[in-house]
Amino acid sequence: MTSEILKKPSLWPISLWVNILRLLARLPYNLQMHIGAFFGWVLYHLARDRRHVTEVNIRLCFPELSPEAQRKRVRTVFHHNGIGIMEAAMAWWAPISWFQDKVSLRGKEHLDKALAQGKGVIMLGAHFSTLDLGGLLFSYHYKLNTLYRPNNNPYLDQVICNGRSRFTHNIDRSDFRSVIRKLKSNEIIWYAPDQDFGMKQSVFVPFFGVPAATLTATTRLTKLNGSPVLMLAQHRLADGRYELELYPIIEPFPTGDEIDDATRINEEIERAIRKDPEQYMWVHRRFKSHPKGKNYLYNQAKSIIK
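Using the working numbering, you'd call the opening residue of the sequence shown number 48 and step up by one each time.
Bear in mind the hints are in silico, worked out from the structure with no lab data behind them.
Any given hint could turn out to be false.
Said to hold, decoys possible - Pairwise CB distance ranges (calculated): (1) 119 x 216: 48 to 56 angstroms; (2) 321 x 88: 20 to 28 angstroms; (3) 314 x 163: 21 to 29 angstroms; (4) 73 x 321: 18 to 26 angstroms; (5) 338 x 154: 31 to 39 angstroms; (6) 56 x 164: 17 to 25 angstroms; (7) 115 x 286: 22 to 30 angstroms; (8) 88 x 63: 36 to 44 angstroms; (9) 346 x 56: 47 to 55 angstroms; (10) 321 x 205: 45 to 53 angstroms; (11) 60 x 164: 41 to 49 angstroms; (12) 160 x 67: 40 to 48 angstroms.
Said to hold, decoys possible - Listed next, the in silico DSSO-like pairs over lysine-lysine satisfying Cα-Cα at most 30 angstroms (straight line): (13) 190 x 155; (14) 166 x 231; (15) 322 x 155; (16) 160 x 149; (17) 160 x 341; (18) 149 x 322; (19) 339 x 247; (20) 341 x 247; (21) 190 x 160; (22) 335 x 166.
Built from N, CA and C at the ideal position, the CB exists for glycine as well.
Model the full structure from these sequences, guided by the hints.
Spelled out as structure tokens, the structure:
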């Protein structure tokens, strides 16, 4: 891969950024938190498109907040997502032992009950700013397999997969054969169905009260081996510690109706996010798909501003 990078100048910037993060990941934890907060400040001011997406998401999902409270939440979202960059770097490259005294796991009995069925477990996640670090923290307690969508940049995809391989076995989301094998071995499959992948294999159901294209994949995954489904939430606490929380098994599931199933999944994810909404990655286009056209809600907001 090194020789390939040298031959492709287009890869030099991302390679430089990756190596900087690799070095920063060795700095003391508190210093990394300050660096992450600085990243968030820079992104808030420079990543205007992402800021616009975040502003629209916050306005749609938290209409009860005043305009000033919404603006403050947007700024805080970038603060947490900047810190999340450093937490991902630590998950990939810092000593694995760093966080063993910084994590608590709640609801372990729910996962043990699910595993006792002997059919494997579908464990739902969401795109919290602590996403990758949460995987590392969870791996202290259980063996983990993660479904993922390969990154469009092959170099970056390799970096991410190599980093995550320290704490999870990566499975391409299209590799159902491997998923079935892991479930039949009574293992955990972790995946986050909270992004908009388009209209195909999705249904429109509420997410924070807003119709959102929601994958029906959870229903299909459950049917592969009759596996129970539950939610894993993760949050960074004010004292620098981290909390993982497992929710009870979702029952009944599947219900026989994909819309009911997708609605239930979104309810679980929303419940986890509401615990600390500012730690969620509101920077992604959760409402990209729309009956009136792709990115309609985001483009409409731009038109109103103009």
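Check your understanding: Honestly, which of those hints from before does the structure not fit?
Key -> 1, 4, 6, 8, 9, 10, 17, 22
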